[in-house]
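Student: Take a look at the letters that make up each chain.
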Amino acid sequence: MNKLITASDVVAQLRDGMTIGIGGWGPRRKPMTFIREILRSPLRDLTVVSYGGADVGMLCAAGKIRKLVFAFVSLDFIPLEPYFRRARQSGSIEVMEIDEGLLMLGLKAAAMRTPFIPTRVGLGTDVLRHSPAIKLVDSPYDDRQWVAMPALPLDVALLHVDRADARGVCQVKGPDLYMDDLYARAAARTYVTADELVEAEAFGQGDEARYVFWERAQTTGVVHAPCGAHPTSCAPLYGFDVKHLKEYAASAKEPGGWAQYCERYVACGEEEYLRRVGGEAVVRKLPLPVF
Amino acid sequence: MSDTTLVDTIICAASAAWRHDGEVLATGIGMVPRLAASLAKLTCNPDLMLTDSEAWLVAEPVPVGPRGEYRIRRETHMGFARIFDNVWGGKRHAMVGPTQVDRYGQANISMIGADHRKPKTQMLGVRGFPGNSMNHANSFFVPNHGTKVFVEGEVDMVASAGYNPARLARGWGFDDIDIRLLLTNLCVMDFGGPSRQVRLRSLHAGVTAEQVQQATGFPVHVPADVAATAAPTAGQLELLARLDPHGLRAAALGA
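Chains as they are written, first to last, in my numbering: chain A, 1 to 291; chain B, 1001 to 1255.
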């Protein structure tokens, strides 16, 4: 089976109002090639589920989001995401604000095809007050009430991986998978961008198969996108682009700043984007973050 | 007291938070809590587990700032999914820096304002606070003790649960919540007052109980005898110099 596809063909399959899960974490391993492709499209009214960073910020800036399911949106070294803040403070997006672990449980429930997972997480907090869709349930085994975290089924998951083959075998060698495997399993369709495209035989070498975290049946389509996570990181291949993310964040302070950012980095297309941010060789030398 | 002396005093007082915890994950978010957890492992509780703030448990605390030739000593993989496994099992004591804390110990890092649909100031979001608060011990560090942080009513968004009877679900009690120390630039407090009221434990040099009360939006229980926060020992200062080789903690109180 050959699952190779282009990013624009993937985005052409998306529909207004869909629920889209975005892999990665904050400024790390975000499928930014897909995000920029969505920015170039007329798509709108999306429900986005994400451990958010610049992916959520850019989609907010472009007015693509109707509802956001999130626990945080942050660029880490720039703690507060400027375009997400603006969207929130203008009341322009609906939100389901939940705990990081609740988001994980929601994906897990969808992946397991159960309606909810019981947990103590969220008890006693305003997470329940502001999201009345999250119910308390009685336990058949004790006398306590438990939070029933509802499944978060996704129409589509968008992920970025280190390498993949044409059949959809995906490899992540960074020290943290984040919740990408759960996104892949919670979604009806999962599309990945891969920094490197390899032959199937590559996974037969040494321990390579140990870095494959979901079965190829969970992968619908594979896009070859070198540096496709830029300006976020894809450890160990490259770190996040501090200079670029600062420029992006600073654009929010200028009148017309987002339009200028788009003009320079989005409208030009991916090939020209990579050239404008310094080229593949430069991106691959971006240092890994140290905390 | 100079800022450097004050921050060292706070870090050393904070490190005592983990003294009796045994073998748990000590997570310190931010400069002061992270140095405090690191110091605790090197002094009062060598059994503590620490991370590199990325994806590994480490055998020894990682110094803050640029590392030069230093290489972390990995012990166990600890990606985010496994952090939640640890949290839900309860073997963790986190020290975090909330933007608001109320009389119940409810804390907020999410947003400021009365309307959640349209915050006056959007901050991070609740992050892992809800899960932390119902699963393991938590302490708070507040660098700017005042009524904007220690608010009169409830915090604007209850991100972590506290000792608030009105918010307990059926079958749950105060013993399911474990808030330990509140460390600030003025004092150390805990929830050891009557009915889990906030109680003054110790005052930093030059600070009075009246000052603390004035800077707090709710009544603080003040025992008859309030100790002075212990000054750092020479041994502790030596360790701090190793853990913070670039002296980054001098700016940790935002002076």
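Treat the hints with care, since some could be wrong.
Keeping only pairs whose Cα atoms sit at most 27 Å apart, straight-line, the calculated DSSO-like set for lysine-lysine is [said to hold, decoys possible]:
1. Lys-246(A) to Lys-1120(B)
2. Lys-67(A) to Lys-3(A)
3. Lys-1120(B) to Lys-253(A)
4. Lys-1118(B) to Lys-246(A)
5. Lys-253(A) to Lys-173(A)
6. Lys-135(A) to Lys-3(A)
7. Lys-108(A) to Lys-173(A)
8. Lys-1148(B) to Lys-1120(B)
9. Lys-67(A) to Lys-135(A)
10. Lys-243(A) to Lys-285(A)
11. Lys-285(A) to Lys-173(A)
12. Lys-253(A) to Lys-1118(B)
13. Lys-1148(B) to Lys-1118(B)
14. Lys-108(A) to Lys-1091(B)
15. Lys-67(A) to Lys-1120(B)
16. Lys-67(A) to Lys-285(A)
17. Lys-3(A) to Lys-246(A)
18. Lys-135(A) to Lys-1148(B)
19. Lys-135(A) to Lys-173(A)
20. Lys-108(A) to Lys-135(A)
21. Lys-67(A) to Lys-1118(B)
22. Lys-243(A) to Lys-253(A)
Calculated directly from the structure, the hints in this document are not laboratory data.
Student: Now tell me, hint by hint, if it's right for this structure.
Tutor: Here's how the hints hold up against the structure:
1. Lys-246(A) to Lys-1120(B): Holds: Lys-246(A) and Lys-1120(B) sit about 24 Å apart, inside 27 Å.
2. Lys-67(A) to Lys-3(A): Not OK: Lys-67(A) and Lys-3(A) at ~30 Å, beyond 27 Å, violated.
3. Lys-1120(B) to Lys-253(A): Answer holds: Lys-1120(B) to Lys-253(A) is near 18 Å, not above 27 Å.
4. Lys-1118(B) to Lys-246(A): holds, 26 Å
5. Lys-253(A) to Lys-173(A): violated, 36 Å
6. Lys-135(A) to Lys-3(A): Measuring from Cα to Cα gives roughly 39 Å; hence the hint is violated.
7. Lys-108(A) to Lys-173(A): holds, 22 Å
8. Lys-1148(B) to Lys-1120(B): holds, 14 Å
9. Lys-67(A) to Lys-135(A): Roughly 19 Å separates the two Cα atoms, so the pair holds.
10. Lys-243(A) to Lys-285(A): It holds: about 13 Å lies between the C-alpha atoms, which stays within 27 Å.
11. Lys-285(A) to Lys-173(A): holds, 17 Å
12. Lys-253(A) to Lys-1118(B): Given that 27 Å is the threshold and the Cα spacing comes to 20 Å, the pair holds.
13. Lys-1148(B) to Lys-1118(B): holds, 20 Å
14. Lys-108(A) to Lys-1091(B): holds, 22 Å
15. Lys-67(A) to Lys-1120(B): Since the Cα atoms of Lys-67(A) and Lys-1120(B) sit roughly 19 Å apart, the hinted pair holds (cutoff 27 Å).
16. Lys-67(A) to Lys-285(A): violated, 36 Å
17. Lys-3(A) to Lys-246(A): Status violated; Cα separation ~36 Å.
18. Lys-135(A) to Lys-1148(B): violated, 32 Å
19. Lys-135(A) to Lys-173(A): violated, 38 Å
20. Lys-108(A) to Lys-135(A): holds, 17 Å
21. Lys-67(A) to Lys-1118(B): With a Cα-Cα distance of about 13 Å, the restraint between Lys-67(A) and Lys-1118(B) holds, given a limit of 27 Å.
22. Lys-243(A) to Lys-253(A): holds, 16 Å
The structure shown violates the earlier hints numbered 2, 5, 6, 16, 17, 18, 19.
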